[in-house]
Amino acid sequence: MNKAEAVGPILILSAKLGTQNGVGGRRWALFGRRMMEQGLEVHIITAQQELPQEFKAFANRVHRIESAYPDILQYGPRNIWGKIQYRLALFYMKLKVRGTVYDTGVLDVYSLCRMARNIIREHHIQTVICTGAPFSYLYTGVLLKREFPHLLLFSDFRDRWTNGFHYGIRALNANRFAAEANREEAVLNTSDVITAACPDIITYLSERVPANYHLLLNPVSDLLQPLPQASVTLEPKVFTITCAGNIGKGCEPYFEHFLSNVALLQQRLPGQFRFVFIGNGDREMDQLLNSNPMSCIQKLPYMNQQELSDFLSISDAFLLFQRPEMVNSIATKVFDYIKFRKPIIACVGPGRLYDLITENKLGYILNRNISAEDFIRDVLRLRDGSMPFDHNFDYTPYTLDAQVQKILHLMEEARKKRI
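Under numbering that gives the first Met the number 0, the sequence shown has 297 at position 298, and the numbering climbs by one with no breaks.
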């Protein structure tokens, strides 16, 4: 029996889709596309209207709903009229929604179920994979499972739900929080397979409902391709340290410490180092950058995978920040960085990411106790190549193929248990 026969047709529900639409769009775009390439029948329902480039060969497998969620609540007001629209939309959502009003799929559950229902019947779907946030997509899986008991329900948590820091969860009153907690518990009790992007999520889910949870890391993107070494300039240049993607709210203490160290570095060694931030969409971090202007810090807009590949190829080292409450998570950008085999400067505390970098000699830990003098000494060691670094680190376990193999294995094992 081949893989396609073993797992049967699959339906994926993901609000965003594609590597150009953040981590939420990237995770199951990569997984789903690779499964299609391996010959599995996979269909995807998304609210992403533009067909991602990586699905051009599978356009008939991507099915779109038009989200009813107010755009103004996603992107925020830009003027006085926008502020009025924002307040009206917020008032409407509070009347309409029992839980958080910032779940961008909460008005789309009916549309999701209707489209999924048709696809399940037409293509004899055996497994439904739902990923959240938005968490309403996870709850949609529960509703589909109740209607089609034969379905294998695979629920994938990319973020914390009731123990999270986003989507207005912490500001909910008791009744609205209870509504979210009830839906979360329904997902945990109904799912056949539950995966999470990091151990921190599994820890909190285990406290909610004991179950057999599985770690499913974000993969090394096969769409990021380092330039051949011969095409990378070897002329003397400014040592470039790049941070790609969002930094993340909660990293302010690390970020402020980093900026203070860079200020002294620029004063001591002007023009020798450059720090580049690509596509950071976090407002708090952007404000910190704007309030601490330095000539050695450069901000660049979001880049597609090809552009990012080229820029990471010519960078000399990489930079990342980790929220203190997510010490056992490994940020997605880590799996991009390691493919380019350059040192990583990680502003993190002790935990899984700390161990990955230190035990495998993948870079340097910039903790908040390091002085600016020590920071300067260490980046000079990075530049001179005198800091230990493993250029041959085996990242096979983090590749897309390895993670897809794990997904299929989890499906097969869950199906065996139901026989």
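Treat the hints loosely; a few may be bogus.
[Claimed, not checked] No farther apart than 30 Å at their CA atoms in a straight line, the calculated lysine-lysine pairs in the DSSO-like style are these: (1) K338 x K416; (2) K248 x K93; (3) K95 x K55; (4) K298 x K248; (5) K82 x K236; (6) K360 x K338; (7) K82 x K95; (8) K236 x K360; (9) K405 x K416; (10) K298 x K236; (11) K82 x K298; (12) K405 x K415; (13) K416 x K248; (14) K236 x K338; (15) K416 x K360; (16) K93 x K82; (17) K55 x K405; (18) K298 x K338; (19) K248 x K338; (20) K95 x K248; (21) K338 x K55.
[To be verified] Estimated spans, in silico, between C-beta atoms of each pair: (22) N59 x M386: 22 to 28 Å; (23) D389 x H149: 45 to 51 Å; (24) I79 x Q404: 19 to 25 Å; (25) M386 x R417: 34 to 40 Å; (26) I83 x E283: 24 to 30 Å; (27) T357 x N188: 34 to 40 Å; (28) P252 x P387: 24 to 30 Å; (29) R116 x K360: 49 to 55 Å; (30) Q48 x E358: 40 to 46 Å; (31) E358 x Q404: 22 to 28 Å; (32) L214 x N188: 17 to 23 Å; (33) S259 x L89: 34 to 40 Å; (34) L94 x S294: 48 to 54 Å.
Hint data in this document are derived by calculation from the structure and do not stem from the laboratory. Backbone N, C-alpha and C define an ideal beta-carbon position, used for all residues, glycine too.
Going through the hints against the structure:
Under the criterion of a C-alpha separation no larger than 30 Å, the hint pairing K338 with K416 is inconsistent with the structure, at around 37 Å. For the given pair, K248 sits about 25 Å from K93 by alpha-carbon distance, which is consistent with the 30 Å threshold. Note on K95 and K55: the hinted pairing is violated, with a Cα-Cα distance of about 37 Å set against a maximum of 30 Å. At most 30 Å may separate the alpha-carbon atoms for a hinted pair to count; K298 and K248 meet this at roughly 18 Å.
For the suggested pair K82 and K236, the alpha carbons sit about 47 Å apart, so the restraint of at most 30 Å is broken. Note on K360 and K338: the hinted pairing holds, with a Cα-Cα distance of about 14 Å set against a maximum of 30 Å. Between K82 and K95 the alpha-carbon distance is near 20 Å, which keeps this suggested pair within the 30 Å criterion. Taking the CA atoms of K236 and K360, the gap is near 25 Å; set against the 30 Å cutoff, the hint holds.
Between the alpha carbons of K405 and K416 the distance comes to roughly 17 Å, so the proposed pair stays at or under 30 Å and holds. Simply put, K298 and K236 have alpha-carbon atoms about 19 Å apart, close enough for the 30 Å limit, and the pair holds. Distance hint between K82 and K298 is fulfilled; the C-alpha atoms sit about 28 Å from each other, no more than 30 Å. Our distance criterion of 30 Å between C-alpha atoms is met by K405 and K415, whose separation comes to about 15 Å.
Pair hint K416 plus K248 does not hold up; C-alpha atoms about 41 Å apart against a cutoff of 30 Å. This hinted pair checks out: K236 and K338 have alpha carbons roughly 22 Å apart, not beyond 30 Å. Note on K416 and K360: the hinted pairing is violated, with a Cα-Cα distance of about 41 Å set against a maximum of 30 Å. Distance restraint check for K93 and K82: the Cα-Cα separation of roughly 17 Å lies within the 30 Å cut-off, and the hinted pair is therefore satisfied.
Simply put, K55 and K405 have alpha-carbon atoms about 26 Å apart, close enough for the 30 Å limit, and the pair holds. The suggested pairing of K298 with K338 holds, with an alpha-carbon distance near 23 Å, which does not exceed 30 Å. With a C-alpha separation of about 26 Å, the suggested pair K248 and K338 falls inside the 30 Å cut-off, and the hint holds. Pair hint K95 plus K248 holds up; C-alpha atoms about 29 Å apart against a cutoff of 30 Å.
With a C-alpha separation of about 25 Å, the suggested pairing of K338 with K55 holds against the 30 Å cut-off. In this structure the hint that N59 and M386 lie 22 to 28 Å apart at CB is violated, the actual value being about 50 Å. The given range of 45 to 51 Å is respected by D389 and H149, whose C-beta atoms sit roughly 48 Å from each other. For I79 and Q404, the Cβ-Cβ distance of about 54 Å falls outside the hinted range of 19 to 25 Å, so the restraint is violated.
M386 and R417 have their C-beta atoms about 51 Å apart, which leaves the hinted 34 to 40 Å range violated. Take I83 and E283: their Cβ atoms lie about 26 Å apart, and the range 24 to 30 Å holds. In this structure the hint that T357 and N188 lie 34 to 40 Å apart at CB holds, the actual value being about 39 Å. Distance hint check for P252 and P387: the Cβ-Cβ separation is about 27 Å, which falls inside the suggested range of 24 to 30 Å.
Between R116 and K360 the Cβ separation comes to about 52 Å, which falls inside the hinted range of 49 to 55 Å. Remark: the range hint 40 to 46 Å for Q48 to E358 is upheld by a beta-carbon distance near 44 Å. A hinted range of 22 to 28 Å for the beta carbons of E358 and Q404 is consistent with their spacing of about 24 Å. Range check, L214 to N188: about 20 Å between beta-carbon atoms, so the 17 to 23 Å window is met.
In this structure, S259 and L89 meet the distance hint of 34 to 40 Å, their C-beta atoms being roughly 38 Å apart. Taking the beta carbon of each, L94 and S294 are about 51 Å apart, inside 48 to 54 Å as hinted.
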